[in-house]
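**Q** In the order they appear, the protein sequences are chains A and B. Each step along the first sequence adds one to the number in the numbering used here, with nothing skipped, and position 191 is 191. Each step along the second sequence adds one to the number in the numbering used here, with nothing skipped, and position 170 is 170.
No wet-lab data here; the hints were simulated from the structure. Among the hints, erroneous ones may be present.
[Said to hold, decoys possible] Computed list of lysine to aspartate or glutamate pairs in EDC-like fashion (alpha-carbon distance at most 16 Å, straight line):
#1 A:LYS291 / B:ASP177
#2 B:LYS194 / B:ASP209
#3 B:LYS196 / B:ASP175
#4 A:LYS305 / B:ASP177
#5 A:LYS305 / B:GLU78
#6 B:LYS251 / B:GLU27
#7 A:LYS305 / B:ASP93
#8 A:LYS180 / A:GLU237
#9 B:LYS119 / B:ASP177
#10 A:LYS293 / B:GLU186
#11 A:LYS291 / B:GLU172
#12 A:LYS106 / A:GLU95
#13 A:LYS32 / A:ASP74
#14 A:LYS293 / B:ASP93
#15 A:LYS293 / B:GLU172
#16 A:LYS293 / B:GLU205
#17 B:LYS222 / B:GLU172
#18 A:LYS290 / A:ASP8
#19 A:LYS291 / B:GLU27
#20 B:LYS228 / B:GLU78
#21 A:LYS290 / B:ASP150
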Amino acid sequence: MDEQKQIDAFEAKIAAGVKIEPKDWMPEAYRKQLVRMMSQHAHSEIVGMLPEGNWITRAPNLRRKAILLAKVQDEGGHGLYLYSAAETLGVDRTELLEQLHTGKAKYSSIFNYPTLTWADIGAIGWLVDGAAIMNQTALARGSYGPYSRAMVRICKEESFHNRQGYEIMMQLAQGTPEQKAMAQDALDRWWWPAVMMLGPSDDQSPNSEQLMRWKVKMESNDAIRERFIDRTVPQAEFIGLKVPDKDMKFDEKTGHYTHGKINWDEFFDVIKGNGPCNAKRLKDRVDADKKGKWVREAAVAYATKRAKEKEVA
Amino acid sequence: MNLQEAKFEYLLRLGDSSLIIGHRLSEWCGHGPILEEDLAIINIALDFVGNTTELLKYAGQVEGKGRDEDELAYMRDEREFRNLLITEQPNGDYAYTIARQFLFDTYMFFLYEGLKSSKDETIAAIAAKSHKEITYHLRHTTEWMYRLGDGTEESHERMQNAVNDLWMFTAEMFDMDAVDTLLVKEGIAPDLNKIKVDWETRVKEVFADATLQMPTTTFKQKGSREGKHSEHLGFLLAEMQYVHRAHPGAKW
Numbered sequence: 001m002d003e004q005k006q007i008d009a010f011e012a013k014i015a016a017g018v019k020i021e022p023k024d025w026m027p028e029a030y031r032k033q034l035v036r037m038m039s040q041h042a043h044s045e046i047v048g049m050l051p052e053g054n055w056i057t058r059a060p061n062l063r064r065k066a067i068l069l070a071k072v073q074d075e076g077g078h079g080l081y082l083y084s085a086a087e088t089l090g091v092d093r094t095e096l097l098e099q100l101h102t103g104k105a106k107y108s109s110i111f112n113y114p115t116l117t118w119a120d121i122g123a124i125g126w127l128v129d130g131a132a133i134m135n136q137t138a139l140a141r142g143s144y145g146p147y148s149r150a151m152v153r154i155c156k157e158e159s160f161h162n163r164q165g166y167e168i169m170m171q172l173a174q175g176t177p178e179q180k181a182m183a184q185d186a187l188d189r190w191w192w193p194a195v196m197m198l199g200p201s202d203d204q205s206p207n208s209e210q211l212m213r214w215k216v217k218m219e220s221n222d223a224i225r226e227r228f229i230d231r232t233v234p235q236a237e238f239i240g241l242k243v244p245d246k247d248m249k250f251d252e253k254t255g256h257y258t259h260g261k262i263n264w265d266e267f268f269d270v271i272k273g274n275g276p277c278n279a280k281r282l283k284d285r286v287d288a289d290k291k292g293k294w295v296r297e298a299a300v301a302y303a304t305k306r307a308k309e310k311e312v313a
Numbered sequence: 001m002n003l004q005e006a007k008f009e010y011l012l013r014l015g016d017s018s019l020i021i022g023h024r025l026s027e028w029c030g031h032g033p034i035l036e037e038d039l040a041i042i043n044i045a046l047d048f049v050g051n052t053t054e055l056l057k058y059a060g061q062v063e064g065k066g067r068d069e070d071e072l073a074y075m076r077d078e079r080e081f082r083n084l085l086i087t088e089q090p091n092g093d094y095a096y097t098i099a100r101q102f103l104f105d106t107y108m109f110f111l112y113e114g115l116k117s118s119k120d121e122t123i124a125a126i127a128a129k130s131h132k133e134i135t136y137h138l139r140h141t142t143e144w145m146y147r148l149g150d151g152t153e154e155s156h157e158r159m160q161n162a163v164n165d166l167w168m169f170t171a172e173m174f175d176m177d178a179v180d181t182l183l184v185k186e187g188i189a190p191d192l193n194k195i196k197v198d199w200e201t202r203v204k205e206v207f208a209d210a211t212l213q214m215p216t217t218t219f220k221q222k223g224s225r226e227g228k229h230s231e232h233l234g235f236l237l238a239e240m241q242y243v244h245r246a247h248p249g250a251k252w
């Protein structure tokens with residue numbers, strides 16, 4: 001079959017809502033884009049363990065400690081799941097991690113902000129996981145089978161994370177004046193990074209018609225952002241917190257909120273590596289990898305010895 | 001000392017050991033040698049937090065002074081903690097963490113096996129649930145004892161150093177004081193002399209299979225029964241308790 005025929009058949013499948021599976025023929029551009037997205041997503045999950053893990057040892061009571069441990073464990077599990085999904089496209093985890101460690105691969109810009117108080121754990125679950133869900137429920141309808149199935153499962157867990165984050169914020173907002181101030185401060189610091197993490201606005205991020213047609217990209221960044229804002233602003237009001245955007249208004253005509261100007265310079269700066277925690281996050285990952293090298297070597301050496309014994313026997 | 005006081009003290013020993021070792025394990029979060037281990041270690045830490053919650057909750061009920069599990073975990077000072085010294089030792093390298101966990105898990109395995117038939121129904125129920133979890137933990141740490149002990153030259157050396165360093169903290173696990181004696185007599189707790197025999201047998205077997213030498217250290221560091229800890233515990237508690245203590249009476 002010549003390539004055009006293969007592409008036509010591939011596109012017909014997608015148009016008919018059939019998932020593309022690992023052994024199916026796919027255009028190289030499709031494969032590349034998916035590897036990039038899945039690995040970026042996987043990296044975000046494991047780098048995201050750092051700012052949240054930062055508060056496990058200081059969680060204010062045993063229940064919160066248990067919930068946070070379970071949540072961070074879920075995030076690591078998502079990472080593992082997504083690396084495996086990426087491996088179905090013929091790239092292995094070691095290679096992907098190498099790209100992360102050398103700065104070649106990106107992860108979500110949001111994790112380059114620090115978690116400074118306990119309320120930040122609430123804000124991450126509520127805002128960061130909340131924004132991620134908006135994006136991921138769309139991706140669950142994507143065309144690549146392993147990725148879309150991973151998204152279905154991940155979204156279920158993320159919605160728990162989202163609720164536990166909101167519950168933390170609600171408890172703080174109803175608490176002492178200091179707790180309420182802590183919650184507001186966390187919202188002030190995390191709001192804009194969460195709004196930005198859904199990606200550049202549509203005029204700066206032309207979604208190629210092709211990626212949409214191939215169901216790799218399902219919705220535009222601005223459309224997803226609008227859904228996130230529409231859902232989140234009333235949640236903030238409900239618990240008596242204020243979103244730090246003086247221009248935020250509900251537009252009766254459209255039924256949507258309109259937001260103030262987004263500081264995209266900050267976003268692109270953080271992406272480039274100039275966020276408050278970029279250097280630290282990367283160093284933590286690289287250090288863990290270096291310190292773990294002898295452990296992984298030992299595991300391989302041990303397994304090799306046992307395999308040889310089996311051969312002899 | 002009456003039975004109620006002895007039970008309270010005993011529950012603190014169990015609960016505090018779980019709390020502190022769970023804390024140490026959770027420090028690995030995001031920094032493990034490989035993603036699978038990151039997940040396993042956090043999972044084990046989570047089991048310990050659950051176990052702590054049940055034990056300290058019951059301790060508070062037994063004490064009868066209105067203290068709940070959080071007040072016991074977050075509002076006591078170093079000298080009031082009863083966790084075994086081995087549980088508060090810093091993580092060190094991965095061999096150190098695994099060795100600490102293996103020595104402690106093996107102890108927990110036999111201790112909780114005994115506690116399953118405690119005449120105190122609550123303790124027996126907690127032990128039954130925890131013993132299932134500990135069985136998995138012990139399998140996990142035992143496998144890593146083999147991998148690191150019998151892996152590469154470097155891992156072997158690191159593991160041998162770790163067990164040598166930690167050995168001095170193992171003796172106090174089996175100390176029997178008035179609390180233990182009373183609870184053994186009442187059928188509430190198992191005899192630690194018997195557990196010691198099982199523990200030594202298992203440790204020797206695993207060390208042999210992991211090509212490790214039994215440590216020759218004769219010094220025995222003790223003190224947890226009286227709340228005499230190593231200098232590490234104060235820092236650990238400062239970190240663990242500060243948010244809770246900075247907001248007296250707040251709900252989270």
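**Q** Run every hint past the structure and note whether it holds.
**A** Outcome of the hint check:
1. A:LYS291 / B:ASP177: Violated, at about 41 Å.
2. B:LYS194 / B:ASP209: Answer violated: B:LYS194 to B:ASP209 is near 23 Å, above 16 Å.
3. B:LYS196 / B:ASP175: holds, 10 Å
4. A:LYS305 / B:ASP177: violated, 46 Å
5. A:LYS305 / B:GLU78: Violated: A:LYS305 and B:GLU78 sit about 46 Å apart, past 16 Å.
6. B:LYS251 / B:GLU27: Distance ~25 Å between B:LYS251 and B:GLU27 Cα, so the pair is violated.
7. A:LYS305 / B:ASP93: Given that 16 Å is the threshold and the Cα spacing comes to 24 Å, the pair is violated.
8. A:LYS180 / A:GLU237: holds, 13 Å
9. B:LYS119 / B:ASP177: With a Cα-Cα distance of about 20 Å, the restraint between B:LYS119 and B:ASP177 is violated, given a limit of 16 Å.
10. A:LYS293 / B:GLU186: violated, 50 Å
11. A:LYS291 / B:GLU172: Outside the cut-off at roughly 32 Å; violated.
12. A:LYS106 / A:GLU95: The hint holds at about 14 Å.
13. A:LYS32 / A:ASP74: Not OK: A:LYS32 and A:ASP74 at ~27 Å, beyond 16 Å, violated.
14. A:LYS293 / B:ASP93: Holds: A:LYS293 and B:ASP93 sit about 12 Å apart, inside 16 Å.
15. A:LYS293 / B:GLU172: violated, 34 Å
16. A:LYS293 / B:GLU205: violated, 28 Å
17. B:LYS222 / B:GLU172: holds, 5 Å
18. A:LYS290 / A:ASP8: Violated, at roughly 46 Å.
19. A:LYS291 / B:GLU27: holds, 15 Å
20. B:LYS228 / B:GLU78: holds, 8 Å
21. A:LYS290 / B:ASP150: Roughly 21 Å separates the two Cα atoms, so the pair is violated.
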